Structures are given as structure tokens and as C-alpha cells.
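Turn these sequences into a full structure, and let the hints steer you where they fit.
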Amino acid sequence: AQTVTQSQPEMSVQEAETVTLSCTYDTSESNYYLFWYKQPPSRQMILVIRQEAYKQQNATENRFSVNFQKAAKSFSLKISDSQLGDTAMYFCAFKAAGNKLTFGGGTRVLVKP
Amino acid sequence: DAEITQSPRHKITETGRQVTLACHQTWNHNNMFWYRQDLGHGLRLIHYSYGVQDTNKGEVSDGYSVSRSNTEDLPLTLESAASSQTSVYFCASSEGQSGAAEQYFGPGTRLTVT
Chain A
1 AQTVTQSQPE
11 MSVQEAETVT
21 LSCTYDTSES
31 NYYLFWYKQP
41 PSRQMILVIR
51 QEAYKQQNAT
61 ENRFSVNFQK
71 AAKSFSLKIS
81 DSQLGDTAMY
91 FCAFKAAGNK
101 LTFGGGTRVL
111 VKP
Chain B
114 DAEITQSPRH
124 KITETGRQVT
134 LACHQTWNHN
144 NMFWYRQDLG
154 HGLRLIHYSY
164 GVQDTNKGEV
174 SDGYSVSRSN
184 TEDLPLTLES
194 AASSQTSVYF
204 CASSEGQSGA
214 AEQYFGPGTR
224 LTVT
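Protein sequences appear in the order of chains A and B. For what it's worth, the numbering used here labels the leading residue of the first sequence as 1, then goes sequentially. For what it's worth, the numbering used here labels the leading residue of the second sequence as 114, then goes sequentially.
These are calculated hints, taken from the structure and not from any lab test. None of the values given here were measured: they were computed from a predicted structure. Among these hints, one or two may not hold up.
[Claimed, not checked] Listed next, the in silico DSS-like pairs over lysine-lysine satisfying Cα-Cα at most 30 Å (straight line):
no.: 1; chain 1: B; residue 1: Lys124; chain 2: B; residue 2: Lys170
no.: 2; chain 1: B; residue 1: Lys170; chain 2: A; residue 2: Lys73
no.: 3; chain 1: A; residue 1: Lys55; chain 2: A; residue 2: Lys78
no.: 4; chain 1: A; residue 1: Lys73; chain 2: A; residue 2: Lys55
no.: 5; chain 1: A; residue 1: Lys100; chain 2: A; residue 2: Lys78
no.: 6; chain 1: A; residue 1: Lys100; chain 2: B; residue 2: Lys170
no.: 7; chain 1: A; residue 1: Lys70; chain 2: A; residue 2: Lys55
no.: 8; chain 1: A; residue 1: Lys100; chain 2: B; residue 2: Lys124
no.: 9; chain 1: A; residue 1: Lys55; chain 2: A; residue 2: Lys100
Next up, the structure:
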């Protein structure tokens with residue numbers, strides 16, 4: 001079974017600064033996908049970014065980018081130029097065969113003005 | 114626009130009662146999932162379905178059941194509600210077999226068992 005670990009329960013960052021969230025996972029699969037989801041206070045789950053394990057290039061979506069280290073089984077999320085609207089819970093998730101997502105415990109991010 | 118809805122959004126029930134949470138999607142997706150969210154655990158998979166008449170157990174399926182009679186709906190039933198089932202429940206759907214396919218989530222149902 002896969003496991004996903006987010007070791008930072010909470011992080012705070014000043015507006016316009018950069019914050020990096022860590023995520024590690026454990027799997028014996030060779031082909032899989034990794035995701036970061038954002039959950040604002042509204043509770044809605046929003047996909048931020050996804051990474052395919054067979055792609056070496058790190059995914060980027062506007063101010064969000066990942067650092068994918070396959071050998072280390074690490075998948076960190078960097079939020080650049082943080083905005084107040086980035087305040088939310090962030091979940092790292094893993095998906096292999098069967099389309100089932102395995103989530104980490106989440107990191108709460110607070111962006112301070 | 115296509116969407117995924119859940120009802121009710123909030124529910125309070127008593128221990129021992131049967132409760133059904135509804136999930137309806139208009140994406141025409143084959144895959145549907147139920148998760149529960151508890152503090153410190155992220156979301157955990159309860160049950161999932163890959164199509165009509167198909168249901169499968171997830172990581173935390175004890176005390177829950179689902180049935181899939183059509184593409185659009187996957188109701189989640191708590192046979193005899195327990196206080197340990199107080200949680201926020203999310204339904205999700207996705208299309209096809211590709212691992213890259215995005216799962217679309219409903220708004221969640223907060224269930225309190227007293």
C-alpha cells in the first residue's frame with residue numbers, strides 16, 4: 001500500500017514571499033501520478049498541480065511549481081509571490097493503478113499581509 | 114455546466130440510525146469515489162465504483178455501503194451510525210482509466226453523530 005507523508009502541519013508566509021511545502025511518499029509502483037490539492041475555508045477541493053512520474057521535467061502552473069525527486073520519493077510544492085487567497089490547507093496525493101487517490105495529512109498555509 | 118453535488122450539506126443524527134448521503138454528478142463520469150476527512154488524516158477512501166453495478170471497498174469501508182444503479186449517482190449509506198463516523202464526507206468523480214485524469218470533488222457533507 002502507498003503512503004503519503006506531509007511533515008509540516010502548519011506554515012506561515014508573508015504576502016509576496018515564497019513558501020515550500022514538503023511531501024514524501026512510499027510506493028513500489030513504477031508508473032504513478034502525484035498531485036497537490038488546495039482546500040480553502042470553503043472546503044472545496046481544488047487541483048493545483050499534477051506530475052507524471054515518468055516525466056523528469058518538474059510541473060509548473062503560474063505561481064505554483066513542484067520539485068519532483070523520484071529516487072528520493074519526494075514531491076515538494078513551491079508557492080511563489082504568495083497571495084492572501086493562497087491561505088488554505090494543501091494536500092499532497094498519490095495515484096497509481098485504479099485511479100484511487102491516497103492523501104497526505106495536509107499542511108495548513110497562512111499568508112500574512 | 115457539469116457539476117458534482119452532495120446532499121445534505123450538513124446532517125446531525127443519532128447513534129444507531131441509518132443515514133444516506135447523496136452524490137450526483139452530471140459529468141457522465143464512469144468513476145466515482147467516497148472519502149472521509151478527519152483532522153490529521155487528510156482524505157481517506159471509503160468506497161469507489163468504476164461503473165454501473167460495480168462497487169469496491171476502500172481503506173476505511175467498515176460500517177459503510179454504496180450501490181451504483183446509474184452513472185450519475187453513488188449514495189453512501191451508514192448502516193448504523195457511530196460517533197466515530199462524525200466527519201466531513203466528500204464525493205468525487207473522474208473519467209476513464211488514465212491515472213492523469215483529474216478527480217472532481219463535491220462540496221462535502223458534514224455529518225455529526227450524537
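Hints and how they fare:
no. : hint                  : in the structure
1   : Lys124(B) / Lys170(B) : holds (24 Å)
2   : Lys170(B) / Lys73(A)  : holds (27 Å)
3   : Lys55(A) / Lys78(A)   : holds (18 Å)
4   : Lys73(A) / Lys55(A)   : holds (14 Å)
5   : Lys100(A) / Lys78(A)  : holds (25 Å)
6   : Lys100(A) / Lys170(B) : holds (11 Å)
7   : Lys70(A) / Lys55(A)   : holds (10 Å)
8   : Lys100(A) / Lys124(B) : holds (27 Å)
9   : Lys55(A) / Lys100(A)  : holds (20 Å)
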